[in-house]
Amino acid sequence: MRLALSIAEDETGLEREEALDSSAAIEAFLREVETRAYRIVLLHIRDRDEAFDVVQDAMIRLVRRYAQRPSAEWRPLFYRILQNRIRDVQRRRIVRARVLSFFGGVASEDEGDPLVAAPAPPSDGPLEQVTAGDAMAALEQALLLLPARQREAFTLRNFEGLDVGQTATAMNCTAGSVKTHYSRAVHRLRDLLKDHGEEHWNE
Amino acid sequence: MSDRDNELERQFELRSKQLFDQRTAALDAATRSRLTRARYRALEELAPAARRGWRWSLVPAGAAAATALVAWLVVSQTPPTADTGLQVAQLTDLEILLSEEDIEMLDEELDFYGWLEEQPEFAGADDSVG
Numbered sequence: 001m002r003l004a005l006s007i008a009e010d011e012t013g014l015e016r017e018e019a020l021d022s023s024a025a026i027e028a029f030l031r032e033v034e035t036r037a038y039r040i041v042l043l044h045i046r047d048r049d050e051a052f053d054v055v056q057d058a059m060i061r062l063v064r065r066y067a068q069r070p071s072a073e074w075r076p077l078f079y080r081i082l083q084n085r086i087r088d089v090q091r092r093r094i095v096r097a098r099v100l101s102f103f104g105g106v107a108s109e110d111e112g113d114p115l116v117a118a119p120a121p122p123s124d125g126p127l128e129q130v131t132a133g134d135a136m137a138a139l140e141q142a143l144l145l146l147p148a149r150q151r152e153a154f155t156l157r158n159f160e161g162l163d164v165g166q167t168a169t170a171m172n173c174t175a176g177s178v179k180t181h182y183s184r185a186v187h188r189l190r191d192l193l194k195d196h197g198e199e200h201w202n203e
Numbered sequence: 204m205s206d207r208d209n210e211l212e213r214q215f216e217l218r219s220k221q222l223f224d225q226r227t228a229a230l231d232a233a234t235r236s237r238l239t240r241a242r243y244r245a246l247e248e249l250a251p252a253a254r255r256g257w258r259w260s261l262v263p264a265g266a267a268a269a270t271a272l273v274a275w276l277v278v279s280q281t282p283p284t285a286d287t288g289l290q291v292a293q294l295t296d297l298e299i300l301l302s303e304e305d306i307e308m309l310d311e312e313l314d315f316y317g318w319l320e321e322q323p324e325f326a327g328a329d330d331s332v333g
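Protein chains in written order, with the working numbering: chain A, 1 to 203; chain B, 204 to 333.
Simulated from the structure, these hints should not be mistaken for lab results.
Among the hints, a few may not be true.
[What the hints assert, rightly or not] Here are some chain B residues pointing at chain A (derived, C-beta under 8 Å): (1) D206; (2) E210; (3) S219; (4) K220; (5) R226; (6) T227; (7) R237; (8) R244; (9) L246; (10) E248; (11) L249; (12) A271.
Yeah, the Cβ is synthetic: ideal placement off N, Cα and C, and Gly gets one too.
Chain A extracted, bound-state conformation (with noise of 0.2 Å):
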C-alpha cells in the first residue's frame, strides 16, 4: 500500500511539474509572439482596443483550447485563432455599416470596405515614428489596398514568419493558396510601392 502510495504522489509530482513546464512554454511562446501579433492585426482592423481584444480573445482561446497540444503547433493554431477574430471584426463592421446605412446614413463607395472607412490607429510616439519613419506608413497603407487573403499570406509569410504549411494551417487553406496568394501579394505590392517610390522606399 505504501508502494502504490509513493507511486501516486511520484507521480502527482510529475504532473505538477509537468503543468509548470508547459505553463512556462506557454507563457515564453506568448511573451514572444504578443507583439507582433498585435502589429499585425492593428494593421489588418486599424483599431488599437479592438486589436487589444483580438489579441487577448487569441491568447485565451490558445491557452484554454490547446495548451495541452505540442509547442510546435501552438505558433499556426494561434495565428488560425488571430486571423478567425479579425475576421470576425471585420464581418461585424460591414454588418454594422449596413445598418446605419439602411436607418439613413451616409452612402459612399467606400462603405462596403470597413477598413477604408477605419480610423488610422493613434500614433505610438515620436520614437516610434522616427524609427519605422515613412517606409513603413508607405508599405500599410499599400496592404490595406490588398484583397483580404493575400493581405494575410503575406503578414503571416513575411512578418510573423511562418512557413508555408504553419500559414496554410493558419489559413485554413492549402500549401498551394497561400503560395498563390503570398506571390499576388508581394507583386502587387512592388507596383504599388512603385507610385509611391519604390525606390527610395526600397533603400
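Dock chain B against chain A, hints included.
Positioned in the frame of chain A, the structure of chain B alone reads:
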C-alpha cells in the same frame, strides 16, 4: 522572372520584414504593459489544470471512501439472516477492505486465509448463500 527581378523581390521581402520588426521593437511601454496584462489574463486559464494536479492528491482518500461505501452497500442490501456466520464473514471482508494493512501482507499470509476459509464457521456461511 529574371535574376534581377528575383533579387529585387528578395530585397523587397527583406526590407518589409526589417521595417515591421523595427516598428514592433519600437512599441511604447504602455502598449507593452497592456499586452503583458493580456498575457497574464490568458494564463489564468491554466489555473484549472494546476488545480487538477492538486486534486489528484486526493485520489487515494477518495478511493478508500468509495470502497467503504461499496462495502457498506453490499452489507446493507443483503437480506437479514439468522446465520451469524455469513454476517461475520461479511464484516471480516469489510474489515479487510477498510484495513490500513499492506496489500503485500495478504499475499504473505495467503495460507492462513486458505485455512481460515476451511473452518466450519465459514463453511456454514458459504452453504447458506444461494
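Results for each hint:
Using the Cβ-Cβ criterion of 8 Å, the hint placing D206 (chain B) at the interface with chain A is not satisfied: the shortest such distance is roughly 16 Å. Annotation: E210 (chain B) was flagged as interfacial toward chain A, and the flag is violated, the nearest CB pair being 11 Å apart, outside 8 Å. Because the closest C-beta pair between S219 (chain B) and chain A is about 5 Å apart, less than 8 Å, the hint holds. The beta carbon of K220 (chain B) is positioned within 8 Å of a beta carbon in chain A (closest approach about 6 Å), and the interface hint is therefore held.
At about 4 Å, the closest approach between the beta carbon of R226 (chain B) and any beta carbon in chain A falls short of 8 Å, and the interface hint on this residue holds. Because the smallest distance between the Cβ of T227 (chain B) and any Cβ of chain A comes to about 5 Å, under 8 Å, the interface hint for this residue holds. A least Cβ separation of about 6 Å between R237 (chain B) and chain A falls short of the 8 Å threshold, and the interface hint therefore holds. The restraint placing R244 (chain B) at the interface with chain A holds, with a minimum CB-CB distance near 6 Å, inside the 8 Å limit.
Annotation: interface hint on L246 (chain B) holds; nearest CB of chain A at approximately 6 Å, less than 8 Å. At a threshold of 8 Å, the smallest CB-CB gap from E248 (chain B) to chain A is about 4 Å, leaving the interface hint in force. The interface hint given for L249 (chain B) holds, since its Cβ lies 5 Å from the closest Cβ of chain A, which is under the 8 Å cut-off. Proximity of A271 (chain B) to chain A is violated relative to the hint, the smallest CB-CB distance being about 15 Å (cut-off 8 Å).
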